[in-house]
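*Asks:* These are the residues of each chain, in order.
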Amino acid sequence: MSIDSRPTVKNRWQRLLLALAALTIALSVVNSSTHALTFSKWTTKQLGQEDARASDTFKLLLVADQNGANVTTQVDQFNTALQLISDGNRLIKSGQDQEGQLELGEADHIFGTISHDAVNLRNEAVARNQQRILLTYVSAVAVIVAATILAYLTLRLYNRYTRRRILDLQFEVKGR
Amino acid sequence: MKLLKREGQMLMSLFIVITLITLSFTLASLSQRPSDHFFALFTLDKNGKTLNYYPNNDTDLRRGEELNWYVGIYNHMGSIQYIALRFKLLNETLKSPDITTNTPSPQSPFIEIRHVLLNNETWITPVDWSIANASSAHEDVRITGVVFNSLYVTENLDVSAKRGYNFRMVIELWVYTPDDGQFLFTWMSSNQTNSVWNELWFNMTKTS
Numbered sequence: 000m001s002i003d004s005r006p007t008v009k010n011r012w013q014r015l016l017l018a019l020a021a022l023t024i025a026l027s028v029v030n031s032s033t034h035a036l037t038f039s040k041w042t043t044k045q046l047g048q049e050d051a052r053a054s055d056t057f058k059l060l061l062v063a064d065q066n067g068a069n070v071t072t073q074v075d076q077f078n079t080a081l082q083l084i085s086d087g088n089r090l091i092k093s094g095q096d097q098e099g100q101l102e103l104g105e106a107d108h109i110f111g112t113i114s115h116d117a118v119n120l121r122n123e124a125v126a127r128n129q130q131r132i133l134l135t136y137v138s139a140v141a142v143i144v145a146a147t148i149l150a151y152l153t154l155r156l157y158n159r160y161t162r163r164r165i166l167d168l169q170f171e172v173k174g175r
Numbered sequence: 000m001k002l003l004k005r006e007g008q009m010l011m012s013l014f015i016v017i018t019l020i021t022l023s024f025t026l027a028s029l030s031q032r033p034s035d036h037f038f039a040l041f042t043l044d045k046n047g048k049t050l051n052y053y054p055n056n057d058t059d060l061r062r063g064e065e066l067n068w069y070v071g072i073y074n075h076m077g078s079i080q081y082i083a084l085r086f087k088l089l090n091e092t093l094k095s096p097d098i099t100t101n102t103p104s105p106q107s108p109f110i111e112i113r114h115v116l117l118n119n120e121t122w123i124t125p126v127d128w129s130i131a132n133a134s135s136a137h138e139d140v141r142i143t144g145v146v147f148n149s150l151y152v153t154e155n156l157d158v159s160a161k162r163g164y165n166f167r168m169v170i171e172l173w174v175y176t177p178d179d180g181q182f183l184f185t186w187m188s189s190n191q192t193n194s195v196w197n198e199l200w201f202n203m204t205k206t207s
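Protein chains in written order, with numbering that gives the first Met the number 0: chain A, 0 to 175; chain B, 0 to 207.
Read the hints as simulated data drawn from the structure, not as lab findings. Where is the CB? At the ideal position from N, CA and C, for every residue including glycine. Accuracy of the hints is not assured; some may be wrong.
[Said to hold, decoys possible] Some chain B residues judged to face chain A by a derived CB distance under 10 Å, without partners named: (1) F14; (2) S28; (3) L29; (4) G77; (5) S78; (6) I79; (7) F109; (8) R113; (9) H114; (10) V115; (11) L116; (12) L117; (13) N118; (14) E120; (15) Y175.
So here's chain B without its partners, still in its complex pose (with noise of 0.2 Å):
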């Protein structure tokens, strides 16, 4: 009896521990590692390198001059993501977008690319544009027109700056939030809002 009584224990002590064990495993298994959620934003030359943007790397720009970028992003979000570039010709002193603030640059895009990216997806896309409408008055340079991947457009150019110095493209990720179902300049990851974008300066001091 008393051998009997300790045969049951031993059994229900072996039952306990293997099922500790074996649920600890199970359910490490079924839950999901959490990770790291953030973009990536890049924008290259026409080489796929950070070196010359710029035609024979002069900064300073004449009208119809192309300059052939790659504007790439990396999403490292999860899930699917939809996306919008927004492009937008600023000068030194409009304002620009804030990284510690998450804030877009008040300015209206003149262009904007749209695109969904699958979890862990690299998307490059080609950037060819160059000034088509410059004009100068005073001491200052005013851009009215750019061509952009074929497309001449007019629309929210309006920028001017003195002496044509310090123009610059700047390049927004603006990321859809089904929650507010619109795209937002911002996205959420561990509890904390983030942002992303770049800037290339550049002057147009000969209008000709």
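So here's chain A without its partners, still in its complex pose (with noise of 0.2 Å):
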């Protein structure tokens, strides 16, 4: 007597469907932990990135700013967008992860616009600067030839004057 071992057509498809479950289950469990990981990962490199992206907005505000632009519009903004910031890794940290990478996109989008304009007004401030030296030195070699013909003019006037006077003192003398 022999037993069969072959499984019939019924038990064929019971272990077919199971083992789909059971590979259904695996993945996802696989599937949410590497989401898991890969968020993480991935709120943590922003966390970085918005640091760096504040540190970058300061420098090309420093620029502006060191070069005579008035950039207290954009110093408002820069504090708007680190409290933003804050706001944000607090939410993180509290677990609303969406609201909180929410507040730091919009930071990272006000950076964004202060860095565009810290660009246009340091350009502005240069160009300006340029115009004020140049005329500056234009101004001051225009006084230069001004006050020295006026100088001289006053000078020829005054030798002019004392000659005729020494002139008529000369026939008032002979005259006499």
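Two chains, each in its own frame: build the complex with the hints.
*Replies:* As structure tokens, this is what we get:
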């Protein structure tokens, strides 16, 4: 008497379904853990990125300021972005990842606007400075030339006046 | 001929004198005057004064008792500055920041506030805080949590003091240095290294 160990058709289908279910569960577990890993990695990267973005934007703003640009509005926006980063990090820490990411995204957008404005402001300020320096030197040269001519003419007039006085005195002496 | 020569000499000497005078004025107007660069850091009470930092003027705090301070910074560095205020809780034995060696306290901050200041701007920020977690064991009182501007903080907070005496809140000013790409406790002025910090002492003898 032999025992047939081969599965019947019904058994085969059951086993196949069970294997599929197990595979689905295993895949979902792997997927969720990978997602969690990716998300946590991305979050850490994102926080670092925000810090770097703030630093880069500040450097641009500083250059514009040092060139004499008025950066009051941009500084206000920068501080708003810093507040958003702080709030975003707080939300992420408290588990509200989506809301936190939104705040960080908003901050990133503001930094982008500030960077763009800072470059324009810097260029405008540099052009204004160059114009101012040129104008100062041109007016200095004009002042030198005008003052020299004026002083020379005044001296010549004074000389002529003195000469005439001497001649008048000579005539007076001869007349006597 | 002699007269012409004398007039030429006169014209040249006039030109030289006037050029020298005008150039000295022009260069003075274009160059920037060097000025002393510095930051000023101050902590005020809820009335904006330096009198009543503690509730009922009692330095012995209780759990949940709120302190309302204002921390201000004045920027006289000649340009915009990116700064960080770092708050640290210390006891009397933990190392303080040192103004002579310009070194910060080695303790990690439990909170940090960042801000950008315009040149010649004074920025004042409210700081409302209270002790949320404190416990006593043997003779020591340990603080492990505070509420800082409505935020419950426990990170970098584990400080104990004998019988709850001589805790202190230290506020350090850190300045972003573009060349280093990081915040530093110091800044340079007239080739000198400077730093600034504040501290306010308190006790917590009753943990209940």
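*Asks:* Now tell me, hint by hint, if it's right for this structure.
*Replies:* Quick rundown of the hints versus the structure:
no. : hint : result
1   : F14  : holds (5 Å)
2   : S28  : holds (7 Å)
3   : L29  : holds (6 Å)
4   : G77  : holds (9 Å)
5   : S78  : holds (5 Å)
6   : I79  : holds (5 Å)
7   : F109 : violated (14 Å)
8   : R113 : holds (5 Å)
9   : H114 : holds (6 Å)
10  : V115 : holds (5 Å)
11  : L116 : holds (8 Å)
12  : L117 : holds (6 Å)
13  : N118 : holds (7 Å)
14  : E120 : holds (9 Å)
15  : Y175 : holds (6 Å)
Comparing the model with each numbered hint stated earlier shows that hint 7 is the single one that does not hold.
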